[in-house]
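Residues per chain, in single letters:
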Amino acid sequence: MSAVEHRFGPYGGQYVPETLVPALVELEAAWVAAREDPTYRAELDALLNDYVGRPSPLYLATRLSEEVGHAVYLKREDLNHTGAHKINNALGQTLLAKRMGKTRIIAETGAGSHGVATATACALLGLECIVYMGTEDMRRQAPNVQRMELLGARVAPVDAGSRTLKEAVSATIRDWVSNVGDTHYVIGSCVGPAPFPALVRDLQRIIGDEARAQILEKAGRLPDRVIACVGGGSNAIGTFVPFVGDEAVQLIGTEAAGDGIDSGRHGAPLTVGGRGGVLHGSYSAIMQDEDGQILEAHSISAGLDYPGTGPEHAWLRDTGRATYTGVTDTQALEAFKRLAELEGIIPALESSHAVAWVLGAGRETATSDTIDLICLSGRGDKDLAEALSKLGLA
Amino acid sequence: MTRTETGVDRITAAFESARGRAALMPYLMAGFPDIETSVRIATAYADAGADLVELGVPFSDPLADGPVIHAAATAALESGATVHNVLEAGTRIAEQLPVVLMVYVNPILARGPERFAAELAERGISGLIVPDLPLEESEPILAACDAHGVALVPLVAPTTPDARLNAIGRTARGFVYTVSVTGTTGERASTSTDPSHLLARVKASTTVPVALGFGISNGVQARAAADAGADGVIVGSRLVRAVAEAVEQGADPAPAAGSVVAELAGALVR
Numbered sequence: 001m002s003a004v005e006h007r008f009g010p011y012g013g014q015y016v017p018e019t020l021v022p023a024l025v026e027l028e029a030a031w032v033a034a035r036e037d038p039t040y041r042a043e044l045d046a047l048l049n050d051y052v053g054r055p056s057p058l059y060l061a062t063r064l065s066e067e068v069g070h071a072v073y074l075k076r077e078d079l080n081h082t083g084a085h086k087i088n089n090a091l092g093q094t095l096l097a098k099r100m101g102k103t104r105i106i107a108e109t110g111a112g113s114h115g116v117a118t119a120t121a122c123a124l125l126g127l128e129c130i131v132y133m134g135t136e137d138m139r140r141q142a143p144n145v146q147r148m149e150l151l152g153a154r155v156a157p158v159d160a161g162s163r164t165l166k167e168a169v170s171a172t173i174r175d176w177v178s179n180v181g182d183t184h185y186v187i188g189s190c191v192g193p194a195p196f197p198a199l200v201r202d203l204q205r206i207i208g209d210e211a212r213a214q215i216l217e218k219a220g221r222l223p224d225r226v227i228a229c230v231g232g233g234s235n236a237i238g239t240f241v242p243f244v245g246d247e248a249v250q251l252i253g254t255e256a257a258g259d260g261i262d263s264g265r266h267g268a269p270l271t272v273g274g275r276g277g278v279l280h281g282s283y284s285a286i287m288q289d290e291d292g293q294i295l296e297a298h299s300i301s302a303g304l305d306y307p308g309t310g311p312e313h314a315w316l317r318d319t320g321r322a323t324y325t326g327v328t329d330t331q332a333l334e335a336f337k338r339l340a341e342l343e344g345i346i347p348a349l350e351s352s353h354a355v356a357w358v359l360g361a362g363r364e365t366a367t368s369d370t371i372d373l374i375c376l377s378g379r380g381d382k383d384l385a386e387a388l389s390k391l392g393l394a
Numbered sequence: 001m002t003r004t005e006t007g008v009d010r011i012t013a014a015f016e017s018a019r020g021r022a023a024l025m026p027y028l029m030a031g032f033p034d035i036e037t038s039v040r041i042a043t044a045y046a047d048a049g050a051d052l053v054e055l056g057v058p059f060s061d062p063l064a065d066g067p068v069i070h071a072a073a074t075a076a077l078e079s080g081a082t083v084h085n086v087l088e089a090g091t092r093i094a095e096q097l098p099v100v101l102m103v104y105v106n107p108i109l110a111r112g113p114e115r116f117a118a119e120l121a122e123r124g125i126s127g128l129i130v131p132d133l134p135l136e137e138s139e140p141i142l143a144a145c146d147a148h149g150v151a152l153v154p155l156v157a158p159t160t161p162d163a164r165l166n167a168i169g170r171t172a173r174g175f176v177y178t179v180s181v182t183g184t185t186g187e188r189a190s191t192s193t194d195p196s197h198l199l200a201r202v203k204a205s206t207t208v209p210v211a212l213g214f215g216i217s218n219g220v221q222a223r224a225a226a227d228a229g230a231d232g233v234i235v236g237s238r239l240v241r242a243v244a245e246a247v248e249q250g251a252d253p254a255p256a257a258g259s260v261v262a263e264l265a266g267a268l269v270r
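For the protein sequence lines, the chains are U and W, in the order given.
Each step along the first sequence adds one to the number in this note's numbering, with nothing skipped, and position 36 is 36.
Each step along the second sequence adds one to the number in this note's numbering, with nothing skipped, and position 165 is 165.
So here's chain W without its partners, still in its complex pose (with noise of 0.2 Å):
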């Protein structure tokens, strides 16, 4: 298959194609339970109305999330997931979605940022986010993924000032992470303030699409989240605690995952 796409514009044609609603990117951790069944799941996310995929290298120590991601990116750990094996399972997720894969800053250094941006353009992994990255430290990661077409996307925060998030937003590739709350990964019963005002900030800063995410859990937060003018919906905790509560029953995960994807998608198609 010859790919003169590259990962950004695989990333831009997937929020296009979202355009009249928000492009919904489901969270997968790989390798939780076991890379099979993450892969299983992806497919599970694309038959029930995903757009692109966020796809999770477990970390061993994930200081942007919360306790159920990091349970499972310990779980995956000890179940055998790599680098390796996980990149091999999003060259087969990438069949079905756009890969949007989201890793800690030192496996990328481990491997060196170069390796790192080449090996996923080999793979059709299109993008790539960094939860302990700030702009401050990108400029490696981000020349490196330039040159293979990978999109850096960055992430904002609530707390970010507009100065700042004018030069975070002039450097985003494919789309801006925006952190819809002061804090990390998880569900919670109600996002406490109205996103719009943060939102309309970040997209005034950028020319590519805004996605929302931390927090988001039903088809209530998803649509209130469109509304409030997100291009994209990231829906993270909430997707890897079906894993977990089906693999505890002994259930099969990925129809259990993917009826939350398809309540979620149904939320955000008037």
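Same shape as in the complex, but just chain U (with noise of 0.2 Å):
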């Protein structure tokens, strides 16, 4: 039995090629004694607190609650230093990089929040760091690159294939193949091989405990739903996560419907159902054809813009315990300004998918006693000039 869990149901594993295996192993076994291990613990507490500025608020969105009828509730990791929930992965594992004696840090990007977050850990901790990002990505995160560049991180474009977060992945696991003896690849969300999709969930559970203990003091009792976007899933599971022994409370993933799920121009593999099958070294619910290629996926949001998901997401849906949907690019464009309107507030695209849920779907399924919690993941200041031109308003 492993200490950390390969297998989420039949989901997960580690599908890799054989340089890499070696790499995974050290990688567990550094991270078993790191989270046992009170100075690492109290190293990146001190950087979440201090750094960071955990713990977020958990905010009672008075007029979005008003609008929709009942008490809406947002995790604020838009708060967190970098903009978004990406730092708490990106820091605890830049930290356990370094305490592998790793001196060059990769990292992929889709949104370029996560590549925003590990240029900064390693800003911090003084390593190299290289972050592959789809050049389509690198065109509509534009501010994030320079972000990135402005930390003395190197980004790397990658032209193949549709040019977003899939090849970037790809990428940088061509790099990590490459470069395995003194690199760490600080992946960003809860997929690839095992131990990432443990190890990324234990780094973002913080949400969910936070959440948890701030909702049971300012409401007094558990939410009846929780809501959080799911491209990768890494907000999601650390959300859900500290709420799947409440059983009363209903688990919901935004997935990106894109055009419609219809149209097949989306990044829902959950939603969609369909067989499992292996993306980026692990076994999970993917969109493929049906001779198990991977179909190219689409979101207006760069961040959900990804055939795969983490494969605890995948066994979450299968057991019945969370429940995923589709909120399509119209949709989460509305939510995204709706939000700034009502309480001044710019959601992130990705997060505004988990928004548009509560405005829509989810607000003639709830009643006036109904309490929602959304993780707000981050904030959409990087989506500006997008989320403006398609809205008509540039």
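Calculated from the structure, these hints are not laboratory results.
Backbone N, C-alpha and C define an ideal beta-carbon position, used for all residues, glycine too.
So these bits of chain U aren't anywhere near chain W, every CB distance computed over 12 Å:
| hint | residue |
| --- | --- |
| 1 | Leu47 |
| 2 | Asn49 |
| 3 | Arg54 |
| 4 | Thr62 |
| 5 | Glu136 |
| 6 | Glu149 |
| 7 | Glu210 |
| 8 | Gln214 |
| 9 | Ala219 |
| 10 | Asp246 |
| 11 | Ser263 |
| 12 | Trp315 |
| 13 | Asp318 |
| 14 | Ala340 |
With the Cβ distance kept under 10 Å, some of the chain W side facing chain U (calculated, not the full set):
| hint | residue |
| --- | --- |
| 15 | Asp61 |
| 16 | Pro62 |
| 17 | Pro134 |
Some chain U residues well away from chain W (every beta-carbon gap over 12 Å; in silico):
| hint | residue |
| --- | --- |
| 18 | Pro55 |
| 19 | Leu60 |
| 20 | Glu67 |
| 21 | Val68 |
| 22 | Arg76 |
| 23 | Glu217 |
| 24 | Lys218 |
| 25 | Leu222 |
| 26 | Arg338 |
Mind docking these for me? Both chains are given alone in their own frames, and the hints should help you get the complex.
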């Protein structure tokens, strides 16, 4: 029995080139040791408090609540340093890599949030940082490219395929295969070969741990529904996991329905069902054709524009513990605008998918007593140009 | 045609007939530039002295491959390659040379390991190399291959420690594919380290032949691999590049790739 889960039901595993297997074994051992080590925990906790600004607030969004007719709380990961939940994982993994004696950090990024978070952690810890990013994402998330460069990272453009997140992950894995001796791959989501899905979840569960305590204090009870967007699914898994044992709490993951599930242009492998497959080292719900070729995803949100998802989400879906549903580009854009108008909060386009569900389908199934808790995983400054142009406001 | 001979037998025989030199196993990206040309390229390989052929199934996300093979896979998929027509081509190529199929794990899982292995056996394809299937995940596919006499060829790398090497060596069928460098597929001006030590470690771990690949692109490097103890030499990106360059120039890729194989074969014969 492994100390870190390799499988979630049938999902997970380690489908990687042999060259990487010893590195995964080393990483798993290092993580098991680090998470038990008070020195590592203390160092990480101090940074999370004093540098990131944790705990992030849980905010009762009063005007949004009025609009939908029931209470909606926002877990404000957008207020973290670097503007998203990604920093929780990036700092944890970078500290771990330093402990392991790795001098070179590589990462993929879609929306740029994980790239910025990793570049930030590397600046803080004095490590070399290379971030792979699809050229289409470099175009639509230009401010984050500039941030990463200012932070001393090198942004490596990836021109293959759809030039988005899937290709960026592939390019990062290829770099790792070639430089595995001195390099750690800070993967940005709860995807990839074991131990990454469990490692990233462990580093992100601080979101749910805080939120659960905060809502008990503020509302006096658990929420009825916890809602988070799912690309790879790290903010969602971190938010969900502490609530999994609370059977009355519904867990809702919102995937990118893109142009609409029926259009085929989406990033919603959990929502559409279908058989499992291997992408980027683990077996999970993925978008694939009958030959097992991976399909290209589509979403207005670069962070959700991914044809795979974390293996633990696939298992939460199959067991019925969590429910996954699609939110279209149009619905997400409306929510982006609406939250800005109602609450003075500009959400990331990714997080807008969670807000959109509460404004739409979730509102219809709520009563006035319902309490919703949304993980507002990031802020939308990075998305302004793209969103305003799509909204016809630019 | 009756096939009492299994895929494992056919691979074993190919290595045995190459004893005294090293078996030459050129790689071919199936469907690049198209299926018919692929079959002709394989014929050119056979005529030029190849002992076996590694037939690559194009995959959308080839994590173990460098840019040359990745680009060829993308082009093959765009030109209409499917698992079905690649396997059909494999049947035709197997009339000339033992075929070892190189395929990423997801197309195998999409058909199901049992159905996939059965189809390889029916089609006369001898072996299977799966670059993203380490020992830990290999059991269902190994069982299906064993049931059908198809050789599941494992990969080992310079990073593989001895204990793990022994575990992999015990489950090897056909031969062990030794990755000569810590990296993805692709030509290298010089293979920086002498592979003798790595090859000796791998040979001590297994009873089947040991082939060396990744980064071998010319006769000198192939000869050096054989001299260092490799029972087989695998050449990939150099040949895919020869095909790509011929296509770009509007020339026939088959003789272009064949002449590279002839040079490699010449270097392996003393």
